[in-house]
Amino acid sequence: MSALVLLVVLEHAGLAVFAASGALAAVRARLDVFGVVVLGLTTALGGGIIRDVLLGVHPPTTLRGWPYLVVPTATALIVFAFHPQVARLRRAVLLADAIGLGLFTVSGTATALAHGAPGYTACLIGMTTGIGGGALRDLLLREIPLVLRREIYALASLAGAVIVWLGHQLHWPAVPVTVAGAALVVAVRLIALWRRWNAPVARGLGDLSGGSQNRE
Amino acid sequence: MSALVLLVVLEHAGLAVFAASGALAAVRARLDVFGVVVLGLTTALGGGIIRDVLLGVHPPTTLRGWPYLVVPTATALIVFAFHPQVARLRRAVLLADAIGLGLFTVSGTATALAHGAPGYTACLIGMTTGIGGGALRDLLLREIPLVLRREIYALASLAGAVIVWLGHQLHWPAVPVTVAGAALVVAVRLIALWRRWNAPVARGLGDLSGGSQNRE
Amino acid sequence: MSALVLLVVLEHAGLAVFAASGALAAVRARLDVFGVVVLGLTTALGGGIIRDVLLGVHPPTTLRGWPYLVVPTATALIVFAFHPQVARLRRAVLLADAIGLGLFTVSGTATALAHGAPGYTACLIGMTTGIGGGALRDLLLREIPLVLRREIYALASLAGAVIVWLGHQLHWPAVPVTVAGAALVVAVRLIALWRRWNAPVARGLGDLSGGSQNRE
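Chains as they are written, first to last, in full-length UniProt numbering: chain A, 1 to 216; chain B, 1 to 216; chain C, 1 to 216.
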C-alpha cells in the first residue's frame with residue numbers, strides 16, 4: 001500500500017471516529033439531528049481544515065470531495081440512531097476522541113512532511129491537526145477542551161508525531177510506522193484515562209467559583 | 001448590474017445586517033459601546049475572512065477597504081443608540097441573523113465560484129461564509145451557535161448555495177438567481193423559526209445538567 | 001539594531017508575556033501543569049499564527065523554530081512554579097495581557113507593512129495579532145474575551161498600530177517608533193484599567209440573567 005493511499009485510509013478512518021465523538025457529544029448535549037450532524041462534521045473536518053490553512057493548501061482538501069462529507073455525515077446519523085446508553089456516552093466520546101487524535105496526528109504529520117515542511121514544523125502541525133477537531137467540538141458545546149483537562153493529551157499526540165517524523169527521517173516503511181504512531185497515541189491516551197494519570201495542579205489556589213465571579 | 005457589482009452590494013448588505021445581529025446580541029449581553037462595535041465588526045467580517053482564508057485570498061478582502069469597516073461600525077453604533085426594547089432583542093437578533101445568513105451564503109458561494117472552485121466546494125465555502133460570522137458571535141458571547149440549535153439552519157444555507165451553483169452551471173442571469181438564493185435562505189430560516197420546525201432529539205437521554213457536571 | 005532584529009526581539013518578548021498571561025489564567029482556572037503549558041503556548045502563538053494566516057505566510061513563522069516554542073513553554077512552567085498569590089492572579093493576567101497586546105500589535109503591524117500590506121490593512125492585521133492570542137485564551141477558558149469587556153482595549157491597540165504605520169509613512173527610525181507604539185498601547189490600557197474608564201452601556205436593559213435563560 002503506497003504512503004498516499006495510507007494517508008487517505010487513515011484520514012477517512014479519522015473522519016469517522018471524530019465524527020462519532022462529535023455526534024456523541026451532541027447527543028449528550030441534547031442537540032437535535034441537524035445539530036448532531038453539524039457537530040459531527042465540524043469535529044471531523046475541523047482538524048484537516050486547520051492543517052490545510054496552516055500549510056497553505058487552498059481550498060482545503062476536505063472541502064473538495066464527496067467522501068469527506070459522506071463519511072462523517074453517515075457516521076453522525078448512525079450515532080444519532082444507535083447511540084449507547086446515556087451513562088456510557090461520556091466514555092464513548094473519550095474513546096472515539098482518543099482514536100481520532102491518533103489518526104489525525106499521524107496523517108497530519110505525514111501530510112505536512114509530504115508538503116516539504118521541516119520535521120519540527122510537521123510535528124506541530126500534526127498535533128494541531130489531531131487536537132484541532134476535538135477542541136472545536138468542545139468549544140462549540142461550551143466545554144473546556146480536553147487538551148486543557150487533567151489527563152495527558154498533547155503529550156500523547158506529540159509522541160505519535162515524533163514517531164512519524166523519525167520514520168520519515170530514517171526512511172522506515174511508511175505503513176507500519178504510521179500505524180505504530182497512531183497506536184501509540186491511542187494507547188498513551190487511553191492508559192492515561194484508565195489510570196487517571198493526573199499532572200500536579202498549582203498549590204495555594206483559592207476557591208475557583210469565587211474567582212470566576214470576579215472574572216465575570 | 002454586473003455580477004461583480006452585485007457581489008459587492010450583497011456583501012455590504014450582509015455586512016450591515018450581520019453587524020446589526022452582533023450589535024443587538026452585544027447590547028443584550030450588556031456589553032458597552034466598544035464591545036458592541038467590536039462584536040458587530042467580528043460578526044460582520046468573520047464570515048468573509050474565513051471564506052478568503054479558505055480560498056487563499058491574502059490579505060482578506062474585508063481588511064482592504066474602508067467601507068468594509070465603516071458599514072458595520074456605523075450599523076453597530078446606530079443599533080447601540082436605537083436598539084429595540086429588550087423584550088424584542090432576541091427576535092431582532094434572529095431576524096438580522098437570518099438575512100445575513102442568506103446574503104453571505106450566496107455571496108460566499110458566488111465568490112468561490114468566481115475563484116474557480118468546483119461547485120461542490122463552492123457550496124461548502126458559501127455555507128461556511130454564511131454560518132461563520134454568526135457562529136463567531138455566539139462563541140464570543142458563550143452561547144451555543146444557532147447552527148447547532150433546534151431550528152433548521154444549515155439546511156437553509158445549503159438550499160441557497162445550491163441555487164447559486166445551479167444558476168452558475170446553467171448560465172442563468174446572475175442577479176435574479178443570487179437574489180432568489182438569498183431570499184430562499186431567509187424564507188426557509190424564518191418559516192422554521194416561526195413554525196418552530198424542530199428536528200427529533202435522540203431518545204433515552206438522561207438529565208442534561210447531571211451530564212454537564214460529569215463533563216466539567 | 002535593524003528593524004528585523006527589532007521585530008524578533010519584540011515578538012519574543014510578546015511571546016513571553018502572553019504565555020505568562022495564559023499560564024496565569026490557567027492556574028487561576030485550576031488547570032494542571034499540562035493545561036497551563038498548552039494554554040500558555042496557545043495564547044502566545046495564537047496571535048502570530050492568525051497574522052500569518054491572514055498574510056498568507058505558510059507555514060506560520062511561529063511553527064518554524066525552537067525559540068517560538070521554548071520561550072512560551074519556559075515562561076508557562078516558571079509561572080506554574082512561582083505564580084503570585086491567588087488574590088493577585090487576576091491583576092497579573094491583566095498586566096501581562098496589556099504588555100502582550102502592545103508588543104504584538106506593533107510587531108503585527110510592522111510585519112504586515114514589511115509584507116507590503118497597505119497601511120489600513122496593516123493596522124487591522126496588527127490589531128488582530130494583538131487581540132487574537134488573548135481572545136483565544138479567554139475563549140478556551142469560557143470567558144467573554146477582554147476585548148468585549150468594559151475597559152478600553154481595541155482602541156488602545158489601534159493607537160499603537162497607527163503610530164507604527166505613521167512612522168513607516170514618514171520614514172521615522174523604526175526602533176523608537178515601534179517602542180513608542182507598544183508603550184502607548186500598554187499605557188492607555190493600564191490607565192483605562194486603573195481609572196476604570198468605562199464606556200456607556202445601552203439604556204433600558206432588562207435583567208440579564210432573565211435574558212440568558214431565554215437564550216439557552
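Simulated from the structure, these hints should not be mistaken for lab results.
Since the structure is predicted, the reported quantities are computational estimates derived from the model, not experimental observations.
From the three backbone atoms N, C-alpha and C, an ideal C-beta is built for every residue, glycine too.
There may be inaccurate statements among the hints.
[What the hints assert, rightly or not] Derived CB-CB ranges, DEER-like:
1) 171/C <-> 183/A: 25 to 33 Å
2) 9/A <-> 81/C: 40 to 48 Å
3) 166/C <-> 176/A: 54 to 62 Å
Tested hints:
1. Between residue 171/C and residue 183/A the CB atoms are about 58 Å apart, so this pair departs from the stated range of 25 to 33 Å.
2. Distance hint check: the CB atoms of residue 9/A and residue 81/C are about 44 Å apart, consistent with the given range 40 to 48 Å.
3. About 59 Å separates the C-beta atoms of residue 166/C and residue 176/A, a value consistent with the hinted range of 54 to 62 Å.
Consistency with the previously given hints fails for number 1 only.
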